[in-house]
Amino acid sequence: MAASSTAPAPPRPGRPPVPPTWRQALRIAGNDLRRRVRDRSLLIMSVLAPIVLGMIVGFAFGGGFSFSATIGVADEDGSRVSRQISQALISEVTSDGVDTGSSASGADAPEVGLELEPVEPDGVRELVEDGTVDAVIVLPAGLGDAVQAGSPVTLGVVGHPGRTLSAAIAQAVADSIAAQIAATRLAVAAAVVSGQQSGQPVDPAQVAADARDLASPLQVQPTDVRSTFSVIGYFAPAMAMLFLFFTLGAGARSVISERNEGTLQRVRAAPVTSGAVLLGKTLAVLVQGLLSVFTIWAVTSLAFGVDWGDPLGVAAVLAAVVVSIAGIALLITGLARTENQADGLTTIIALALAVLGGSFFFGGAGAVAALKPFTPNGRALLALTELSAGEATLFDVLPSVLGLLAVGLLTGAVGLVALRRKVAL
Amino acid sequence: MDGSQEPVLVADRLVRRFGDLTAVDGVSLSIAPGETYGLLGPNGAGKTTTISMICGLLEADAGSVTVQGQPMTTGSTGVKSALGLVPQDVALYPDLSARDNLRFFGKLQGLSGRVLDARIAEVLEVVGLSERAKDRVETYSGGMKRRANIAAGLLHQPQLLVLDEPTVGVDPQSRNAILESIDELGGKGLAVLYTTHYMEEAERLCDRIGIIDEGRLVAEGTRDALVAMVGADTTVTLTATPSEGVDAAAAMATWAQRCRALDGVEDVQATKATLDLVTREGSVLVAAAVMAADDLPLAVTAVEVNEPNLETVFLHLTGKALRD
Numbered sequence: 007m008a009a010s011s012t013a014p015a016p017p018r019p020g021r022p023p024v025p026p027t028w029r030q031a032l033r034i035a036g037n038d039l040r041r042r043v044r045d046r047s048l049l050i051m052s053v054l055a056p057i058v059l060g061m062i063v064g065f066a067f068g069g070g071f072s073f074s075a076t077i078g079v080a081d082e083d084g085s086r087v088s089r090q091i092s093q094a095l096i097s098e099v100t101s102d103g104v105d106t107g108s109s110a111s112g113a114d115a116p117e118v119g120l121e122l123e124p125v126e127p128d129g130v131r132e133l134v135e136d137g138t139v140d141a142v143i144v145l146p147a148g149l150g151d152a153v154q155a156g157s158p159v160t161l162g163v164v165g166h167p168g169r170t171l172s173a174a175i176a177q178a179v180a181d182s183i184a185a186q187i188a189a190t191r192l193a194v195a196a197a198v199v200s201g202q203q204s205g206q207p208v209d210p211a212q213v214a215a216d217a218r219d220l221a222s223p224l225q226v227q228p229t230d231v232r233s234t235f236s237v238i239g240y241f242a243p244a245m246a247m248l249f250l251f252f253t254l255g256a257g258a259r260s261v262i263s264e265r266n267e268g269t270l271q272r273v274r275a276a277p278v279t280s281g282a283v284l285l286g287k288t289l290a291v292l293v294q295g296l297l298s299v300f301t302i303w304a305v306t307s308l309a310f311g312v313d314w315g316d317p318l319g320v321a322a323v324l325a326a327v328v329v330s331i332a333g334i335a336l337l338i339t340g341l342a343r344t345e346n347q348a349d350g351l352t353t354i355i356a357l358a359l360a361v362l363g364g365s366f367f368f369g370g371a372g373a374v375a376a377l378k379p380f381t382p383n384g385r386a387l388l389a390l391t392e393l394s395a396g397e398a399t400l401f402d403v404l405p406s407v408l409g410l411l412a413v414g415l416l417t418g419a420v421g422l423v424a425l426r427r428k429v430a431l
Numbered sequence: 002m003d004g005s006q007e008p009v010l011v012a013d014r015l016v017r018r019f020g021d022l023t024a025v026d027g028v029s030l031s032i033a034p035g036e037t038y039g040l041l042g043p044n045g046a047g048k049t050t051t052i053s054m055i056c057g058l059l060e061a062d063a064g065s066v067t068v069q070g071q072p073m074t075t076g077s078t079g080v081k082s083a084l085g086l087v088p089q090d091v092a093l094y095p096d097l098s099a100r101d102n103l104r105f106f107g108k109l110q111g112l113s114g115r116v117l118d119a120r121i122a123e124v125l126e127v128v129g130l131s132e133r134a135k136d137r138v139e140t141y142s143g144g145m146k147r148r149a150n151i152a153a154g155l156l157h158q159p160q161l162l163v164l165d166e167p168t169v170g171v172d173p174q175s176r177n178a179i180l181e182s183i184d185e186l187g188g189k190g191l192a193v194l195y196t197t198h199y200m201e202e203a204e205r206l207c208d209r210i211g212i213i214d215e216g217r218l219v220a221e222g223t224r225d226a227l228v229a230m231v232g233a234d235t236t237v238t239l240t241a242t243p244s245e246g247v248d249a250a251a252a253m254a255t256w257a258q259r260c261r262a263l264d265g266v267e268d269v270q271a272t273k274a275t276l277d278l279v280t281r282e283g284s285v286l287v288a289a290a291v292m293a294a295d296d297l298p299l300a301v302t303a304v305e306v307n308e309p310n311l312e313t314v315f316l317h318l319t320g321k322a323l324r325d
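Residue numbers (the working numbering), protein chains in the order written: chain A, 7 to 431; chain B, 2 to 325.
Next comes chain A alone, as it looks inside the complex (with noise of 0.2 angstroms):
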């Protein structure tokens, strides 16, 4: 030490105010922050590693990375109309396929096989939850009065909320096909017009029955389903995901590594409760979390084009799942009696809900498509895919992002209980 003449200067008369808790829990944040960029881990495994192993898991499937999926197809209406467009859907679906590897969707687009068979109209929701078929696209009764009437047509869709791309497949072929309606309509209606204008006698019924033929086989337009994939845009995510488990697990930990290398001491021997230590941790977890992902969320926008669909959805999606998984993080720390147990802890439950959540594959079957949706990152994927579909915003996966939130709320609110003991040393 110094063999410095410099004296310390004596205690000072007085003292500035102790800083309120947000503060002290705010600086908290900020240093544990400070201390993941120069580290880089942040930038590491936060971004990096998330985007470079999720590429590397979509394209382990090489060009071979695949969906398929069967989807049913339901007559209730028993109607000559219904009858042809059944008969036209399969056998026209069936027999060209839906190919999504055209330039419109990018060059990691991978090959749908999509097969669409005849289901019997009873017990559609059972076939549909035993996996039979992954989806079934209902042809209600009165579609062929409807059609001729002219009313508004309306298909239905019967998904499995573990197989949401199936569902979005199924509704974007039954959306094609009340387009394809809607535009016989048109030409039956201007065909009428026409020979009226001429002067021609015409009969509407012959008109429509020509539109009809002319309209068959119907063209299922699968621009929808294109935009639906991306194996960047689903496993990087998926690996972020599994990342925030270590990421953020990390910055749960550091509540017990600062116990153990004493800097925990120092903060707690200053005017600082362990509520703004609680606080300071938990807020720099989920910024973490959230720069992750929104990171990824942009890299994988502007660098890849992936559309992952509705910004105001995709943002709830992300933040709750982070929410989520801090909270599950927090339990897992507060629970676990010393740092490496919390690491291993970490790392199984971390491996498990990536298996069944689908981080490491697309789609899934039986117990594992069933589970997914009862996994934090698994319920996010679903949700996110539901969105990159095109169709659903905000409100469709609000559900989703409650049920996130809720996890992380709950399980954080029991871990940070656990770790204020910590915290008191």
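Just so you know, these hints were derived from the structure itself, not from any lab. A couple of the hints might just be wrong.
[Said to hold, decoys possible] Listed next, the stretches of chain B that the computed footprint assigns to chain A, with coverage defined by at least 3 CB atoms under 8 angstroms from CB atoms of chain A:
1. 53 to 64
2. 97 to 108
[Said to hold, decoys possible] Label pairs and their computed distance ranges (CB to CB):
3. G79(B) to L415(A): 30 to 38 angstroms
4. R46(A) to R115(B): 25 to 33 angstroms
5. R18(B) to T399(A): 55 to 63 angstroms
6. R46(A) to R217(B): 46 to 54 angstroms
7. T27(A) to E181(B): 37 to 45 angstroms
8. N346(A) to D268(B): 55 to 63 angstroms
9. E267(B) to N266(A): 49 to 57 angstroms
10. R14(B) to I355(A): 43 to 51 angstroms
[As the list claims (entries may be wrong)] If the Cβ cut is set under 7 angstroms, some of the chain A residues that face chain B in the computed set are:
11. N37
12. A275
13. V278
All residues carry an ideal CB built from backbone N, CA and C; glycine is no exception.
Since chain A is already given, all that's left is putting chain B on it; use the hints.
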């Protein structure tokens, strides 16, 4: 302690148990402004637990702590500004520079802006780390880390500085510098609570010393008062070489007999070449003992004075060595 000044710290009958183990058992102490109080005891005696309660890091099972008249508990905030802690381990972020560490801890103490910058510069100067302020703490030597650790405790100019074994694992040069600095702090009106199991440090730094063992404060007072309390004696060992051809045993016996007659000598033990004198007069008897051999065929070649110290006191009070 100067009775005219209100104590900065009063710890009253502190008790802390961990399961069946009573780590601290009724420890009471007080420290006045400018006083350096040493808590001396072996590892596991309860020093760190006592300090943790004093700093509001650990709840006491019984007893109380007041710092500048305000109660200190784990929920206290304002009163903690009056206290600076230098933990036993280096409690700094290794991946941050000393300056960034101090900036963070200074902000937690409510310092900001130019005041904080000035304080950081000042304490870094005090601990001799101004030149390495921008370097990461992990690149420092052990001694430098310890000095940075002390700087963090001094940053906000506390009224009470608590140092928990700050020289453990430090090289002799750094250790000496740390002790000099702490000695200087006491002279500036800072109350210092210093725990150590190094008897020499306690003797050198502390105005008063509390001896703690198995969670209990077994004695307290100035160094001299503690030595006097246990009535320990000084041992003077004289080594002599007899002249050739003389009866060495007879010469040593005569010398021992003359020494026994000296005032203040309580006991004399003679061997073939040494004489051990036990006395409460200390080293003042050395000259008389050497002169007693003047006309004897002996040449006194060495003198060793073993005065009673805190080690002796600890041994006397607890029946075991300080570093057991």
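### Query
According to a criterion of three or more residues whose C-beta lies within less than 8 angstroms of a C-beta of chain A, is the region 53 to 64 of chain B covered?
It holds: at least three residues are needed, and the region 53 to 64 of chain B offers 6 whose Cβ sits within less than 8 angstroms of chain A.
### Satisfaction of the hinted span 37 to 45 angstroms by the C-beta atoms belonging to T27(A) and E181(B)
holds, 39 angstroms
### Task
Kindly confirm whether 55 to 63 angstroms is satisfied by the beta carbon distance between R18(B) and T399(A).
At 60 angstroms between Cβs, range holds.
### Query
Does the Cβ-Cβ separation between E267(B) and N266(A) fall within 49 to 57 angstroms?
Holds, since E267(B) and N266(A) (Cβ atoms, about 53 angstroms apart) stay within the stated range.
### Query
Counting residues of the region 97 to 108 of chain B with a beta carbon closer than 8 angstroms to any beta carbon of chain A, are there 3 or more?
Answer holds; 5 residues pass the 8 angstroms Cβ test.
### Query
Does the hinted range 30 to 38 angstroms hold for G79(B) and L415(A) at CB?
holds, 32 angstroms
### Query
Falls inside 25 to 33 angstroms, the C-beta gap from R46(A) to R115(B)?
holds, 32 angstroms
### Interface hint status, V278(A) versus chain B (Cβ within 7 angstroms)
It holds, given that the least Cβ distance between V278(A) and chain B is near 6 angstroms, below 7 angstroms.
### Query
Would the stated hint for A275(A) survive a check requiring a Cβ distance to chain B of less than 7 angstroms?
holds, 4 angstroms
### Task
Take the C-beta atom of R14(B) and the C-beta atom of I355(A), compute their distance, and say whether it sits inside 43 to 51 angstroms.
holds, 47 angstroms
### Hint status (Cβ of N37(A) to nearest Cβ of chain B, threshold 7 angstroms)
This hint holds: N37(A) lies near chain B, its Cβ roughly 5 angstroms from the closest one there, short of 7 angstroms.
### Task
Using the Cβ atoms, figure out if N346(A) sits within 55 to 63 angstroms of D268(B).
holds, 59 angstroms
Going through the hint list in order, the structure satisfies each hint without exception.
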